[in-house]
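Build the full structure now, drawing on both the sequences and the hints.
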Amino acid sequence: MTEAILATHNITKRFGAVTASDGVTMDLRPGEIHAVIGPNGAGKSTLIAQICGGLKPDAGQVEFLGQDVSTLTTRKRARMGLARTFQISALAMENTVLENAVLGALGARGGTLGLIRPVLRDKTLRDMALHALERAGLADHAKTRTSELSHGQRRQLEVAVALTLQPKAFVMDEPMAGMGSEGSARLTGFLDELRAEAPILLVEHDMDAVFALADRLSVLVYGKIIATGTVAEIRANPDVRIAYLGEDA
Amino acid sequence: MSRETILNAVIFGGLLAVPLWACIVDEPFTITLATKVAILALAGVGLNIALGLGGLVSLGHAAFFGLGGYAMGILASHAQSYTPLMESPLLIEGTKSMPIIWLMALITSALAALAIGALSLRTSGVYFIMITLAFGQMFYYLSISWPAYGGEDGLSIYVRNGFPGLNTLDPIQFFAICFALLALALWLNARLIRSPFGLALGAARQSPQRVETVGLSPFRLRLAAFVISGAITGLAGALFADLNRFVSPTMFSWQTSGEIMIFVILGGVGRLYGPVAGAALFITLEHVLGGLSEFWHIYLGLLLLLVVLFARGGLIGLIAGREVHHD
Chain L
1 MTEAILATHN
11 ITKRFGAVTA
21 SDGVTMDLRP
31 GEIHAVIGPN
41 GAGKSTLIAQ
51 ICGGLKPDAG
61 QVEFLGQDVS
71 TLTTRKRARM
81 GLARTFQISA
91 LAMENTVLEN
101 AVLGALGARG
111 GTLGLIRPVL
121 RDKTLRDMAL
131 HALERAGLAD
141 HAKTRTSELS
151 HGQRRQLEVA
161 VALTLQPKAF
171 VMDEPMAGMG
181 SEGSARLTGF
191 LDELRAEAPI
201 LLVEHDMDAV
211 FALADRLSVL
221 VYGKIIATGT
231 VAEIRANPDV
241 RIAYLGEDA
Chain X
1001 MSRETILNAV
1011 IFGGLLAVPL
1021 WACIVDEPFT
1031 ITLATKVAIL
1041 ALAGVGLNIA
1051 LGLGGLVSLG
1061 HAAFFGLGGY
1071 AMGILASHAQ
1081 SYTPLMESPL
1091 LIEGTKSMPI
1101 IWLMALITSA
1111 LAALAIGALS
1121 LRTSGVYFIM
1131 ITLAFGQMFY
1141 YLSISWPAYG
1151 GEDGLSIYVR
1161 NGFPGLNTLD
1171 PIQFFAICFA
1181 LLALALWLNA
1191 RLIRSPFGLA
1201 LGAARQSPQR
1211 VETVGLSPFR
1221 LRLAAFVISG
1231 AITGLAGALF
1241 ADLNRFVSPT
1251 MFSWQTSGEI
1261 MIFVILGGVG
1271 RLYGPVAGAA
1281 LFITLEHVLG
1291 GLSEFWHIYL
1301 GLLLLLVVLF
1311 ARGGLIGLIA
1321 GREVHHD
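Chains as they are written, first to last, in the working numbering: chain L, 1 to 249; chain X, 1001 to 1327.
What the hints contain is simulated information worked out from the structure, not anything from laboratory work. Beta carbons are placed, not taken as given, at the ideal position from N, Cα and C, and that holds for glycine. Among the clues, some could well be false.
Computed Cβ-Cβ distance ranges for the label pairs, DEER-style [as the list claims (entries may be wrong)]:
| hint | chain 1 | residue 1 | chain 2 | residue 2 | range |
| --- | --- | --- | --- | --- | --- |
| 1 | L | 112 | X | 1111 | 48 to 56 Å |
| 2 | X | 1312 | L | 242 | 52 to 60 Å |
| 3 | L | 151 | X | 1103 | 47 to 55 Å |
This is how it looks when you write it as structure tokens:
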């Protein structure tokens, strides 16, 4: 087994009587897309928040690049190379598409932020941003105000901003959510290429996308992972059939 | 050139032309009014960096305005009574030199903004408004209860402070100083908006999570903005005290914080020339309506209500339309 890039060891999170994560152990290996599926309320968002740093687990560890990052802030994990995309687009809507991508490049470069020189005149940042936009298929919209983008284009921009960080791993929270079938297919193709660059932890409802992309699948039900395996293994797993895919799947 | 750029040029030129005309026809009072506009606009430019760019609704900017004022008052009162501020461990004497006073006003208000910001930026929304208000009131009561510097009566400075090579007692020359500082602050603000810092700060206002996930700290961005904002408002306070040759606790009062905010809202929150347009409108109304009725604030309130309800971009937004983004 190759060394995992990102792993959780037995993480548990409780909110009052509800156990949102119940001893979750999983890992993300180089070059793979590992999809997490589960019914609504299974604890997918809580799991992502703990991996990315928004929530601290009550017990267990999150490991990234061989280091225990459980107590690090979102910001520090991002600086280590953990790129996240949001389920509900979290973009600067009043800014242009290019500015959003430049923000990512700015974060990736680190150091102090200048106060005087216009950020868009910085050729290095601009090139990084444009390159990411081009790869995500948004090069023509660089000067568009983000609030004027379609829903699908915003999802593309989410991925483009993550790309500017030149990350070691992606965590994507339902990147296909609310996309039309065409847009969804295009993004599927793009994520397929992306896995060679950095592995992707993919939380997704779109089953076509999941089955087309995932090297491995984990099924989360009531905060517990009930099965992990290849698409074929998961399809054949009787517990998963009962809990999630339905008898006739 | 966008409509906003043209409008900004008109406002800038207007604020320069009115006192020049007043100087020619010998109307010193009009020059004083224009000077007041320039100074209050400067205070508003300071607040606009926190409020417009950073989205930080501070109801405590009177603290910085007052600190700037008292920095001037304390230094100048020691100079005019020939008593040092401090003798040991090192001798610090008062001064009547504007540049030194400005530097002290900037440093004091920046340090105060750092301390107030570090505590209050841990909250947001209504709590942030209330905490900044509370800090402002702390300074207000401190100034009232400190008899060494006039207490409730404030401090009178007999002669306006000096600037090398200029006669500051000449209204138009003092106006020129205030206008130059306002222009400098506007230039800085314009650069700031397009700088890496400005982009990140604006993004932190719209989506803090986004800023965190690219590895930047919204808290630090806001704190830096709050410090820059407080320092500029503090500088305006020093000039305001010099204009009146008088400092009093009123500068620290929450009404002052409210007025600075009114300039920004009237003119247009987040618009570069918003505070200038707002301060000019405010002073004009105060002068014109104040002459008609003692209760002119009723009309101001009505106008503010209309702006908030129907013209979210303030005066600038009403005339120039929605903000255009430049490449």
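Hint check:
1. L:112 x X:1111: 48 to 56 Å: For residue 1111 (chain X) against residue 112 (chain L), whose Cβ atoms are near 20 Å apart, the range 48 to 56 Å is violated.
2. X:1312 x L:242: 52 to 60 Å: With a Cβ separation near 54 Å, residue 1312 (chain X) and residue 242 (chain L) satisfy 52 to 60 Å, so the hint holds.
3. L:151 x X:1103: 47 to 55 Å: 52 Å, holds
Violation of the numbered hints given earlier is confined to hint 1; every other hint is satisfied by the structure.
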